[in-house]
Amino acid sequence: MPRGLSRGFYEAITVVIAGIIAFPLYWMVLTALKPEDEVISADPRPWTAEPTLDSFVRALTVQSFGRYLANSLVVALAVVLLSLLISFLAATALTRFRFRSRTTLLVMLLVVQMVPVEALTIPLFFVMQSVRDVAPAFGLNHLGSLVLVHLAFSLPFAIWMLRGFVAAVPVELEEAATLDGASRFRFLWQVLFPLVAPGLVATSVLSFIHAWNDFLFAKTFIISAAENQTLPLALQVFIKPDQNDWGAIMAGSTLMTIPVLVFFVVVQRRLVAGLAGAVKS
Amino acid sequence: MTHGVTRRAGRGEGRTAYAYLAPALLVLVGLMGYPIYQLVLISLFDYGQEQVSGGAPLTFLGLDNYATLLADRQFWSVLGQTVAFAAFCVVGTLLVGTALAVLATKVRTWARMVLFLAALGAWSTPAVAGSTIWLFLFDANFGFVNEVLGTTGFSWMFGKWTAFGVVAAEVIWCSFPFVMVTLYAGIKAIPGEVLEAAALDGASTWRTTRSVVLPLLRPLLIVVTIQSIIWDFKVFTQIYVMTSGGGIAGRNLVLNVYAYQQAFAASEYGLGAAIGVVMTLLLLLVTLGYLRALRRSGEEL
Numbered sequence: 001m002p003r004g005l006s007r008g009f010y011e012a013i014t015v016v017i018a019g020i021i022a023f024p025l026y027w028m029v030l031t032a033l034k035p036e037d038e039v040i041s042a043d044p045r046p047w048t049a050e051p052t053l054d055s056f057v058r059a060l061t062v063q064s065f066g067r068y069l070a071n072s073l074v075v076a077l078a079v080v081l082l083s084l085l086i087s088f089l090a091a092t093a094l095t096r097f098r099f100r101s102r103t104t105l106l107v108m109l110l111v112v113q114m115v116p117v118e119a120l121t122i123p124l125f126f127v128m129q130s131v132r133d134v135a136p137a138f139g140l141n142h143l144g145s146l147v148l149v150h151l152a153f154s155l156p157f158a159i160w161m162l163r164g165f166v167a168a169v170p171v172e173l174e175e176a177a178t179l180d181g182a183s184r185f186r187f188l189w190q191v192l193f194p195l196v197a198p199g200l201v202a203t204s205v206l207s208f209i210h211a212w213n214d215f216l217f218a219k220t221f222i223i224s225a226a227e228n229q230t231l232p233l234a235l236q237v238f239i240k241p242d243q244n245d246w247g248a249i250m251a252g253s254t255l256m257t258i259p260v261l262v263f264f265v266v267v268q269r270r271l272v273a274g275l276a277g278a279v280k281s
Numbered sequence: 001m002t003h004g005v006t007r008r009a010g011r012g013e014g015r016t017a018y019a020y021l022a023p024a025l026l027v028l029v030g031l032m033g034y035p036i037y038q039l040v041l042i043s044l045f046d047y048g049q050e051q052v053s054g055g056a057p058l059t060f061l062g063l064d065n066y067a068t069l070l071a072d073r074q075f076w077s078v079l080g081q082t083v084a085f086a087a088f089c090v091v092g093t094l095l096v097g098t099a100l101a102v103l104a105t106k107v108r109t110w111a112r113m114v115l116f117l118a119a120l121g122a123w124s125t126p127a128v129a130g131s132t133i134w135l136f137l138f139d140a141n142f143g144f145v146n147e148v149l150g151t152t153g154f155s156w157m158f159g160k161w162t163a164f165g166v167v168a169a170e171v172i173w174c175s176f177p178f179v180m181v182t183l184y185a186g187i188k189a190i191p192g193e194v195l196e197a198a199a200l201d202g203a204s205t206w207r208t209t210r211s212v213v214l215p216l217l218r219p220l221l222i223v224v225t226i227q228s229i230i231w232d233f234k235v236f237t238q239i240y241v242m243t244s245g246g247g248i249a250g251r252n253l254v255l256n257v258y259a260y261q262q263a264f265a266a267s268e269y270g271l272g273a274a275i276g277v278v279m280t281l282l283l284l285l286v287t288l289g290y291l292r293a294l295r296r297s298g299e300e301l
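So the sequences go chain by chain: D and Z.
Using UniProt numbering, read the first sequence as starting at 1 and increasing by one per residue.
Using UniProt numbering, read the second sequence as starting at 1 and increasing by one per residue.
Just so you know, the hints here were simulated from the structure itself, not pulled from any lab data.
Just so it is clear, the structure is predicted and the values come from calculations on it, not from any experiment.
C-beta: ideal position from N, C-alpha, C; glycine also.
Just so you know, not all the hints are guaranteed correct.
Restraint-style ranges between C-beta atoms, simulated for each label pair [as the list claims (entries may be wrong)]:
{"id": "1", "chain 1": "D", "residue 1": "LEU110", "chain 2": "Z", "residue 2": "ARG210", "range": "28 to 38 Å"}
{"id": "2", "chain 1": "Z", "residue 1": "ARG251", "chain 2": "D", "residue 2": "THR103", "range": "16 to 26 Å"}
{"id": "3", "chain 1": "Z", "residue 1": "THR68", "chain 2": "D", "residue 2": "TYR26", "range": "25 to 35 Å"}
{"id": "4", "chain 1": "D", "residue 1": "ILE223", "chain 2": "Z", "residue 2": "ARG292", "range": "35 to 45 Å"}
{"id": "5", "chain 1": "Z", "residue 1": "VAL83", "chain 2": "D", "residue 2": "GLU175", "range": "53 to 63 Å"}
{"id": "6", "chain 1": "Z", "residue 1": "TYR37", "chain 2": "D", "residue 2": "VAL16", "range": "47 to 57 Å"}
{"id": "7", "chain 1": "D", "residue 1": "LEU110", "chain 2": "Z", "residue 2": "GLU196", "range": "33 to 43 Å"}
{"id": "8", "chain 1": "D", "residue 1": "ASP54", "chain 2": "Z", "residue 2": "THR151", "range": "23 to 33 Å"}
{"id": "9", "chain 1": "D", "residue 1": "ALA226", "chain 2": "Z", "residue 2": "TYR37", "range": "27 to 37 Å"}
{"id": "10", "chain 1": "Z", "residue 1": "TRP110", "chain 2": "D", "residue 2": "PRO136", "range": "52 to 62 Å"}
If you only want the chain Z side, here are some residues facing chain D, beta carbon under 10 Å, derived [stated by the list, open to error]:
{"id": "11", "residue": "ALA22"}
{"id": "12", "residue": "VAL27"}
{"id": "13", "residue": "TYR34"}
{"id": "14", "residue": "ILE36"}
{"id": "15", "residue": "LEU39"}
{"id": "16", "residue": "THR59"}
{"id": "17", "residue": "PHE60"}
{"id": "18", "residue": "LYS106"}
{"id": "19", "residue": "GLY130"}
{"id": "20", "residue": "LEU135"}
{"id": "21", "residue": "GLY143"}
{"id": "22", "residue": "TRP173"}
{"id": "23", "residue": "LEU214"}
{"id": "24", "residue": "LYS234"}
{"id": "25", "residue": "TYR260"}
{"id": "26", "residue": "LEU283"}
Bound-form chain D, shown alone (with noise of 0.2 Å):
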């Protein structure tokens, strides 16, 4: 076979390839824009000739998607701002000071980003139980705990990711910064951290997407206050055994993926790069 005809067939391969892959989200979005009739039709087609926003529109009044989109929004983007904050403080202690205990820490901090957190979901429930009784707003039933949760499950690894950071900005620079009179604490906000938080972006979004895409935690915590709820809650909630709106449930899932796509799309290169630096050290 001719080289360039070998490519030409390997290209139509990857093409159809691509197609089948990206099959299930065009009809995601193609079932979130077809006309009611046409989503429940015995004979469903792959296009549409009148495209309409109707699944979206019974999705965020109906279905009150708005909030449970501004919920997940709260709690990831919150689980990222403190994610940042503490685990830049424990970093730069890791980092910048000597103390006992300071190795024992360390190994810590890798041991425990190995426990599978699926299996905490039981003792957590009892601990957001307790959680409620002193601070309501943070235990059951409230976007609190949630955000507590996915908090501590991304320190490990935004510790372990920043502390290299940190160790990278010289400590002649604090050495200069104190000599022209700056506390030290204005020194750690002003200084220290705008240089390391680009470095986050990607620890960040990982984060953040754990937080959003969470449904396990969001379905233990959030028993019976339905105005908490999650996206991944709030779509499971819709699908019923016979009556399924399947036009508003696509519409939503559609809500609900474009954030996350957006994301990984900035980051890829980044994610990619740090995947495989990752594997390599």
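Following the hints, position chain Z against chain D.
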């Protein structure tokens, strides 16, 4: 490691360090350390609805919950199912991911971009959204798959094995991109001269792939295999959403969903916790194997 480390050591320094570490330690001890301890503790008690509400005293059972599990036929069948399901997903993910990574090296940039963009879409789809999309694609009456196959009315999620098959297809769909992207980066890192030498020696594409590329990719393959095992062994969302909580009469249960149902549906928290401990130990074994394999392949590099 010592680069960038301030060498001033003193009591004051230590105190400041702990002040900086305090928020992180508080969160991690409270929401990771303590729950791990609690998980083990709960698994040693008869802990049901009555004990939770304080209506009945706590009874220490020792390892009785574990004995109950080991004598329970359903536990063994769920464990077997979990292993088989995970194995199927892992093999499928690796085959698809590796094949497409190799394919990506054979085409021009535009075709590769098309493939990667599609894969990125599958990768980034949240598990719940992906599950609902696939559920709708395979819907008995309105699903596109039945329309294409001419089997309208056939219920995929009713049969035990067809249901597992559809869930596995969804899991493979959203997890092969990680394998593909990682292995593609790995293949790209192989020096061109190595492949040219193989081509000059008259090796076919298949032969080069099998005898040159795959051995060089071994360390990466180990990493993606173990990663996939860990992910697929603890699948929860896809099974829960697509089979409505574990299938008819629980025949599509996997370990993670089983533990959840024992605890939160049957209020057998002690038993659920014991399943959680077993799952953690099994994954720990895999992780240990992972670390050993990493160290060994590191020596070869």
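Right, here's what the structure says about each hint:
Checked against the hint of 28 to 38 Å, the pair LEU110(D) and ARG210(Z) passes, with Cβ atoms roughly 36 Å apart. In this structure, ARG251(Z) and THR103(D) break the distance hint of 16 to 26 Å, their C-beta atoms being roughly 49 Å apart. Taking the beta carbon of each, THR68(Z) and TYR26(D) are about 48 Å apart, not inside 25 to 35 Å as hinted. Hint check: ILE223(D) to ARG292(Z), Cβ distance near 42 Å, so the stated range 35 to 45 Å holds.
Here the CB-CB span from VAL83(Z) to GLU175(D) is close to 57 Å, well matched to the stated 53 to 63 Å. The beta-carbon spacing between TYR37(Z) and VAL16(D), approximately 53 Å, falls within the hinted interval of 47 to 57 Å. A hinted range of 33 to 43 Å holds for the C-beta pair LEU110(D) and GLU196(Z), which are about 41 Å apart. A beta carbon spacing of about 30 Å between ASP54(D) and THR151(Z) agrees with the range 23 to 33 Å that was offered as a hint.
Here the CB-CB span from ALA226(D) to TYR37(Z) is close to 33 Å, well matched to the stated 27 to 37 Å. Taking the beta carbon of each, TRP110(Z) and PRO136(D) are about 55 Å apart, inside 52 to 62 Å as hinted. For the restraint placing ALA22(Z) at the interface with chain D, the shortest Cβ-Cβ distance is roughly 8 Å, inside the 10 Å limit, so the hint holds. For VAL27(Z), the shortest C-beta to C-beta distance to chain D is roughly 5 Å, which falls under 10 Å, so the interface hint holds.
Using the Cβ-Cβ criterion of 10 Å, the hint placing TYR34(Z) at the interface with chain D is satisfied: the shortest such distance is roughly 7 Å. Restraint check, ILE36(Z) versus chain D: the minimum CB separation of about 7 Å is within 10 Å; hint holds. This hint holds: LEU39(Z) has a C-beta 5 Å from the nearest C-beta of chain D, less than the 10 Å allowed. A hinted interface residue such as THR59(Z) counts as satisfied when its beta carbon comes closer than 10 Å to some beta carbon of chain D; here the least separation is about 17 Å, so the hint is violated.
Hint status for PHE60(Z) relative to chain D: violated, with the closest Cβ pair at about 17 Å, above 10 Å. For LYS106(Z), the suggested interface contact is upheld, since its CB lies about 4 Å from the closest CB of chain D, less than 10 Å. Look at GLY130(Z): its Cβ gets to within about 7 Å of chain D, closer than 10 Å, so that hint holds up. About 7 Å separates the beta-carbon of LEU135(Z) from the nearest beta-carbon of chain D, less than 10 Å, and the hint is met.
Against a cut-off of 10 Å between C-beta atoms, the interface hint on GLY143(Z) holds, since the closest Cβ of chain D lies about 7 Å away. Look at TRP173(Z): its Cβ gets to within about 7 Å of chain D, closer than 10 Å, so that hint holds up. Because the closest C-beta pair between LEU214(Z) and chain D is about 16 Å apart, greater than 10 Å, the hint is violated. At its closest, the beta carbon of LYS234(Z) sits 5 Å from a beta carbon of chain D; the interface hint therefore holds under the 10 Å criterion.
For TYR260(Z), the interface hint holds, since its Cβ comes within 10 Å of a Cβ in chain D; the closest pair sits about 7 Å apart. Restraint check, LEU283(Z) versus chain D: the minimum CB separation of about 5 Å is within 10 Å; hint holds.
In this structure, the earlier hints numbered 2, 3, 16, 17, 23 are contradicted, and the remaining ones agree with it.
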